[in-house]
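Go ahead and model the full structure; you've got the sequences and the hints to work with.
Protein chains: 4
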Amino acid sequence: MSEASFFGDLLQTIAERGRRLLALGGGDGGARPQDMRTLCDTLLSSRGEASGIALAKAVLDRWTRASEEERRDFMTMLLEQYGPDEVALGQAIAAYQAAPSPPTAQALHGASESRRLELLRRLNLAPEGMSTLVRMREALLRMKADAPALGVVDDDFAHLFTSWFNRGFLVLRPIDWATPANVLEKIIRYEAVHEIRDWDELRRRVEPTDRRCFAFFHPRLIDEPLIFVEVALTTTMPATVEEVLDPARAPIRAEEANAAVFYSISNCQHGLRGVSFGNFLIKQVVEDLRRDLPELSTFVTLSPVPGFAAWLARETQGDGSPTLSAEDRALLAEADDRGWVDDEAKVERLKPVLTRACASYLLNARNPRGGVADPVARFHLGNGARLERVNFLADRSARAGRQAHGMMVNYLYELDEIEANHEAFFARGEVVASSSVRRLAPRGRPVTADATPAR
Amino acid sequence: MSEASFFGDLLQTIAERGRRLLALGGGDGGARPQDMRTLCDTLLSSRGEASGIALAKAVLDRWTRASEEERRDFMTMLLEQYGPDEVALGQAIAAYQAAPSPPTAQALHGASESRRLELLRRLNLAPEGMSTLVRMREALLRMKADAPALGVVDDDFAHLFTSWFNRGFLVLRPIDWATPANVLEKIIRYEAVHEIRDWDELRRRVEPTDRRCFAFFHPRLIDEPLIFVEVALTTTMPATVEEVLDPARAPIRAEEANAAVFYSISNCQHGLRGVSFGNFLIKQVVEDLRRDLPELSTFVTLSPVPGFAAWLARETQGDGSPTLSAEDRALLAEADDRGWVDDEAKVERLKPVLTRACASYLLNARNPRGGVADPVARFHLGNGARLERVNFLADRSARAGRQAHGMMVNYLYELDEIEANHEAFFARGEVVASSSVRRLAPRGRPVTADATPAR
Amino acid sequence: MSEASFFGDLLQTIAERGRRLLALGGGDGGARPQDMRTLCDTLLSSRGEASGIALAKAVLDRWTRASEEERRDFMTMLLEQYGPDEVALGQAIAAYQAAPSPPTAQALHGASESRRLELLRRLNLAPEGMSTLVRMREALLRMKADAPALGVVDDDFAHLFTSWFNRGFLVLRPIDWATPANVLEKIIRYEAVHEIRDWDELRRRVEPTDRRCFAFFHPRLIDEPLIFVEVALTTTMPATVEEVLDPARAPIRAEEANAAVFYSISNCQHGLRGVSFGNFLIKQVVEDLRRDLPELSTFVTLSPVPGFAAWLARETQGDGSPTLSAEDRALLAEADDRGWVDDEAKVERLKPVLTRACASYLLNARNPRGGVADPVARFHLGNGARLERVNFLADRSARAGRQAHGMMVNYLYELDEIEANHEAFFARGEVVASSSVRRLAPRGRPVTADATPAR
Amino acid sequence: MSEASFFGDLLQTIAERGRRLLALGGGDGGARPQDMRTLCDTLLSSRGEASGIALAKAVLDRWTRASEEERRDFMTMLLEQYGPDEVALGQAIAAYQAAPSPPTAQALHGASESRRLELLRRLNLAPEGMSTLVRMREALLRMKADAPALGVVDDDFAHLFTSWFNRGFLVLRPIDWATPANVLEKIIRYEAVHEIRDWDELRRRVEPTDRRCFAFFHPRLIDEPLIFVEVALTTTMPATVEEVLDPARAPIRAEEANAAVFYSISNCQHGLRGVSFGNFLIKQVVEDLRRDLPELSTFVTLSPVPGFAAWLARETQGDGSPTLSAEDRALLAEADDRGWVDDEAKVERLKPVLTRACASYLLNARNPRGGVADPVARFHLGNGARLERVNFLADRSARAGRQAHGMMVNYLYELDEIEANHEAFFARGEVVASSSVRRLAPRGRPVTADATPAR
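Residue numbers (full-length UniProt numbering), protein chains in the order written: chain L, 1 to 455; chain S, 1 to 455; chain X, 1 to 455; chain E, 1 to 455.
Derived from the structure by calculation, the hints contain no laboratory data.
Errors might be hidden in some of the hints.
Partner residues are not named here, just some residues of chain L that face chain S (Cβ under 8 Å, in silico) [unchecked claim]:
{"no.": "1", "residue": "Ala105"}
{"no.": "2", "residue": "Glu113"}
{"no.": "3", "residue": "Val152"}
{"no.": "4", "residue": "Arg167"}
Once the Cα atoms are required to be at most 20 Å apart in a straight line, the calculated EDC-like pairs of lysine to aspartate or glutamate come out as [stated by the list, open to error]:
{"no.": "5", "chain 1": "X", "residue 1": "Lys186", "chain 2": "L", "residue 2": "Asp200"}
{"no.": "6", "chain 1": "S", "residue 1": "Lys186", "chain 2": "E", "residue 2": "Glu201"}
{"no.": "7", "chain 1": "S", "residue 1": "Lys186", "chain 2": "E", "residue 2": "Glu70"}
{"no.": "8", "chain 1": "E", "residue 1": "Lys186", "chain 2": "S", "residue 2": "Glu207"}
{"no.": "9", "chain 1": "S", "residue 1": "Lys351", "chain 2": "S", "residue 2": "Glu388"}
{"no.": "10", "chain 1": "S", "residue 1": "Lys186", "chain 2": "S", "residue 2": "Glu207"}
{"no.": "11", "chain 1": "S", "residue 1": "Lys144", "chain 2": "S", "residue 2": "Glu207"}
{"no.": "12", "chain 1": "E", "residue 1": "Lys186", "chain 2": "S", "residue 2": "Asp200"}
{"no.": "13", "chain 1": "L", "residue 1": "Lys144", "chain 2": "L", "residue 2": "Glu69"}
{"no.": "14", "chain 1": "E", "residue 1": "Lys186", "chain 2": "S", "residue 2": "Asp176"}
{"no.": "15", "chain 1": "L", "residue 1": "Lys351", "chain 2": "L", "residue 2": "Glu242"}
{"no.": "16", "chain 1": "E", "residue 1": "Lys186", "chain 2": "S", "residue 2": "Asp198"}
{"no.": "17", "chain 1": "E", "residue 1": "Lys144", "chain 2": "E", "residue 2": "Glu70"}
{"no.": "18", "chain 1": "X", "residue 1": "Lys186", "chain 2": "X", "residue 2": "Glu138"}
{"no.": "19", "chain 1": "E", "residue 1": "Lys186", "chain 2": "S", "residue 2": "Asp336"}
{"no.": "20", "chain 1": "L", "residue 1": "Lys186", "chain 2": "X", "residue 2": "Glu69"}
{"no.": "21", "chain 1": "L", "residue 1": "Lys186", "chain 2": "X", "residue 2": "Asp198"}
{"no.": "22", "chain 1": "X", "residue 1": "Lys186", "chain 2": "L", "residue 2": "Glu69"}
{"no.": "23", "chain 1": "S", "residue 1": "Lys186", "chain 2": "E", "residue 2": "Glu207"}
{"no.": "24", "chain 1": "L", "residue 1": "Lys186", "chain 2": "X", "residue 2": "Asp176"}
{"no.": "25", "chain 1": "S", "residue 1": "Lys186", "chain 2": "S", "residue 2": "Glu243"}
{"no.": "26", "chain 1": "S", "residue 1": "Lys186", "chain 2": "E", "residue 2": "Asp200"}
{"no.": "27", "chain 1": "X", "residue 1": "Lys186", "chain 2": "X", "residue 2": "Glu128"}
{"no.": "28", "chain 1": "L", "residue 1": "Lys186", "chain 2": "X", "residue 2": "Glu128"}
{"no.": "29", "chain 1": "X", "residue 1": "Lys346", "chain 2": "L", "residue 2": "Glu287"}
{"no.": "30", "chain 1": "S", "residue 1": "Lys186", "chain 2": "E", "residue 2": "Asp176"}
{"no.": "31", "chain 1": "S", "residue 1": "Lys186", "chain 2": "S", "residue 2": "Asp198"}
{"no.": "32", "chain 1": "L", "residue 1": "Lys186", "chain 2": "L", "residue 2": "Asp176"}
{"no.": "33", "chain 1": "L", "residue 1": "Lys186", "chain 2": "X", "residue 2": "Glu138"}
{"no.": "34", "chain 1": "X", "residue 1": "Lys144", "chain 2": "X", "residue 2": "Asp198"}
{"no.": "35", "chain 1": "S", "residue 1": "Lys186", "chain 2": "E", "residue 2": "Glu128"}
{"no.": "36", "chain 1": "X", "residue 1": "Lys186", "chain 2": "L", "residue 2": "Asp176"}
{"no.": "37", "chain 1": "X", "residue 1": "Lys186", "chain 2": "L", "residue 2": "Glu185"}
{"no.": "38", "chain 1": "E", "residue 1": "Lys346", "chain 2": "E", "residue 2": "Glu327"}
{"no.": "39", "chain 1": "X", "residue 1": "Lys186", "chain 2": "L", "residue 2": "Glu242"}
{"no.": "40", "chain 1": "S", "residue 1": "Lys351", "chain 2": "S", "residue 2": "Asp336"}
From the three backbone atoms N, C-alpha and C, an ideal C-beta is built for every residue, glycine too.
This is the structure:
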């Protein structure tokens, strides 16, 4: 990583010099709209590269120090002031309409490009450009909630990030106990599925002989994982989180394992929302593991079911659920009080009905756009995995109780069927499932729910 | 570099698997237009990432093995079949015209984007995607000479490469005698200014204590320099190539030097034509050298004057050159026979007049677009350098004789003036020159030549 | 580090093969004396290298699993059975005495070499040979307390380690927050001066802009620091540990500092006792820091005084201390109860007398061998440092209270005087001290104490 | 490698400082015996480490610049002036004789150690210490030819090098076309078996898919291979060099190969003569190749027979060779004129008899010490290989003609027999050979030749 930091230093130095020459005031300049406007216009007009780097740095430094209000002003400015040149666009439209052809279409595409896009590209020249732009979009996503018009600006960010984070640029790295601490602390921070409380727990996730962790990195976001997956090497397909994370468990040698269990996948950068890495990650990790451990034959997840409890609540409230019998719905009322997990009798009663309901949810529930309702299911099924098994009381954490009454799911990546499963899912909307899951919940017509929690 | 190759291997493996599943036929498939069309359409439509990588690889493999004719057919197909969706574009135009606003402008920009662009982005998923696309554009640039309509396709390539080769992604690396041989052989191959005949000569360029070489690399084009510069550390500003490259010269210690001479800058990838690296390269190398060798105070080039001889021929042919006196023009006729360099008397006579003419060319000649005529001058002046000295009989090679009657130029990078020079050049078209050069050729009105050799 | 582990893997593989062929039983073999004897004899006799690696591994594996008693038996065996060949030695003595000459002296040296030494060299062939031998010596040092005869074996270990850990083989590496976690956890574990309680505290020691840490490593003990030093970059010479380690302190930029304070030096490997690294470490770190931060002009320690309290107890018990006045001795009785640090009045009274006594101890106290009594003083003075300042209530930890009544010392490394100070110390036993320290305690005749705590 | 050079820089800096303080005169000091004596005595007596590094550097610098005569004086000084302290040695002998015991034996070993050894250890402190000492021994080996008394000094060098180049410190690295040029040029230079004429030929040895090269390196001799082996991946056991090195041959994919042919092994450092690496190298390369290419089942050499021609000359000169019939001896006279290789009839006649004679030489010829006469055979048989096949006209180079009438040999490393072969060779002096070789030359009683060429 030293090359990268060396490189960062140099960019820094070049920017410093440029800044001095331009008397940009660097650290001390304010972020008032008119100042930012001047800087951005100069950046767009400047043909001098040295001043380009310095100007980009000046804009980003001011943004970093700006108040929330100044930041919103900046975004509004990007929205309103940095669209395409309307006159030129009008002319390009006229030319295209007069003679539609590849050159006039391309000219129209050029003329319709917002000046925002080029501004963002030039901001990327600054030494810390990429990471500041990612953080800038984080802020923008928050603002968008109250100011949906900013969605246009957000689309420009998303467009650029999709190009810059093209899978061809990503590098997969194993994460283990010999990984630099500044990366490991981010694994602790970003773990989104099964919380890592401290360094000892982290160590249990990455150091034992039967544990693996992999992350994607981007050459310009050194030390910042983009997404990571935690893997347990086992001899059976696990049915509960406990058996995977039990601190007292005796590790096995990697060569003894025949299954690789993906039990946690976490996206790290909110600012990259919508740029998809997970599919590539899983497939590359599978290849990587197979190469090192040829005995591995089963690749399977142990995954949460984040939308189950909310769906179930809706199903049991109404009176005519198409997927649940009246009897089941009565029994399920017992699940409302979370104390049931400690009551053996209730556990016994709820086990079959919750399992059936969960299978039903995964097989039949659809979101308003017609897609599979559960976001995690949508992700793995879309990757070509098969819904293999539904696990009762598989995660006793408060969150899993709240979201899924403790249910978890195994999705199986059967290498020779991935392609076919994928096609079945996308072409025909089919949820490929094992026969045992299918037996649990005879497929009705898919049912559309009206909201899905974000993954 | 092993990480990169490891990474390449994995992509390869993933692609292999995908290919097998899809029965794409890999190596054996032909490149007939209809086959390529099918593959490209599938690639654009496919939502499966595994098949995405395999499809991209299939297209690029077929391209690599295709005949010249098949390749032209492919490009024509890109031009004609992969423009924007005309219906959608028409609707977007209508919507924008009905209500011009950021969202409708952005939607118009999206609708006017050619499907080509997305196709090229997806081709980049293949393990060797980037380098094949660069070679593909090399071929395209050749075809364009006969088929100017392909310029539209070329613009799409250029657009993507500008984004992918954003300076923020480039890495500067010193090149020396401990550099891997597979990189060094490319330095030999790509050297475009002063030929490197063999490994011994290469060694003399990169190993001595008073020699440096730097190149930009891109993370996805491992082992492929994009541009490189060769530097001599000296105690004086050299006036001839001979004193720089003399094999018998005694190297000095780097700490003794006070000048860094950039005597050769070579672009390596024809396929990246139009993506500008040189300006960044020089500035970063200056910073790098200053950090390691704080004694360095002079940063200067020893550069060719590729357009001089052609310009001079035109000036002397006509009868009313605004920059040359009739007497000078008479004398210059002697330069037509290259044998003059061995005739002391002729050398004496030609020295002042060639020197004056060269200064005049650099100061006053303009190309049809109004820019400085000489491409190398345009490059360095545009970077903020100053035209410092014109050197007579500075390069005795055949090429330099043909292009510039052996003249060479020193451009000086005076760090504290770069910004001002740059502004003077771009804002007012001013050629900043030392007083000694200015004395040689009193500035007349700029003179427009009708052609400039490519740099 | 991957190369090293790759390399380890290979050695492992080779050893496995050898083991299988030899039916050594690997993991399951016992460590009974006769078994170990056979293995060692075979290892010494074997001319086959493959079996050499396997045999070495077998011996070391059994040692690792052996009971304390078996380990002692093994050491006793090394002592008694693996001396030189007595007959050959007798002949070599006779030959030398008959004709003393370089060849006969050299032959005598060869004949007197114990077979132990060669055995230890061959044990080093095993993949984990070096680290197991270091741990073996740790155990040996413990045994030596009860079995001083084993000192002969220990001397052989020390002899080999001195050669294998020759300073020429050591590599200095900076330790920071980007260092691999498996190295950082060893910094936590080995810190011997100011305890590091957890990862947050570690982070405060290595991450801030004004903190540095450096360690020596050996190519065959990857991930195992041998010795490390913690450095604070400051603008003044600190008088207390508190000001250095205060978690609430605001870091300064490294460029603002003019002093580098070595506030903690810890040896990591008990098994390498007697192999000296500290002197090289400090000097190399000074050079390293000066190169990166040319503004640094002061290099100074903040060091404990581990022998002070014990010495003072002896001085105040007797009735005729040559270094303390009766009045001072009366006052010093107050220091026996550690509660004094919270009693302002006592603090006031003790400050001058403890400071004087400490200066007196450092300047005048000698150990039975005539050396400076305090081991830390001996180390830094021996390196050429100057005793610069004695600091009252500089470390409020329990340990520092117990060992030194809270006193600490600054030793100054004045680069242009190191050599002269070093000579003064070794040639004339002189304690080079600042005039202010010398004023505190007029030098009497050096006083020999009868015991020194180990450093 | 940058870490190493960084490290070298630091040592350099430290040494510079020390040198200045000591006024050692560095570059300008002479190498007169009395000066060297003073420096060496100071180095041995000095307890100051900073001056230790500087002194070591001063001695080595002067050695490097010394004349041949001064160098011989220096070695003579080492021989005569730096033996053990005779008085102390006499006392240690007396103490041992009075009471032979581990401590007195160890004390004797210590007292008999020459001061030379410690001096050489301290010279190793200098930044370039190790490599200068290796070159120093190169010179010493040359001197020894005329001054056999220097053998005592040489033994001390050999003793230290054996410890410092313990196999545990060596690192195996693949050599390929991406290896740094400064390492590759050493492969060209050191290739001792089949000359590499230029960079193109080197490239053919290391770049094709069916070629491999591996070298051992030592951490303190960066960029200096110690020994390397060139490997061809093939589908058959080759019988001639031509088929291996043919520039026109079509490379196969590595995965198609089932045999790895070691066709060239070269030691690189004359100064390390007697320190054995080859055995370890071959075994580790075998393991490495098997891991990467599990299809490989045959590991075999194509080796020269350097002693054959000389042996044959002796056998045919005398009149009663025990291994050759009179008829054969008559025929073999034809081989004296090298022109026979172009005379088909002679080739036909010589083929059976040369083949038989070569088998006989390898199976039966012994050197005066009773070992197998041919040094290459001794090496591979000692490693546990089997003499597999004798190849007629296998190397048409002048050297091979001169040394072996063009004969070459395949030695087979049959993994499961290596240990047994090794034991047979060392314990019973048995030359393990294939039945086809044994049939060629019924084993007579081994025959002792009186000289062997150096390997």
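Okay, which hints does this one fail, numbers in order?
7, 11, 19, 20, 22, 25, 28, 29, 33, 34, 35 and 39
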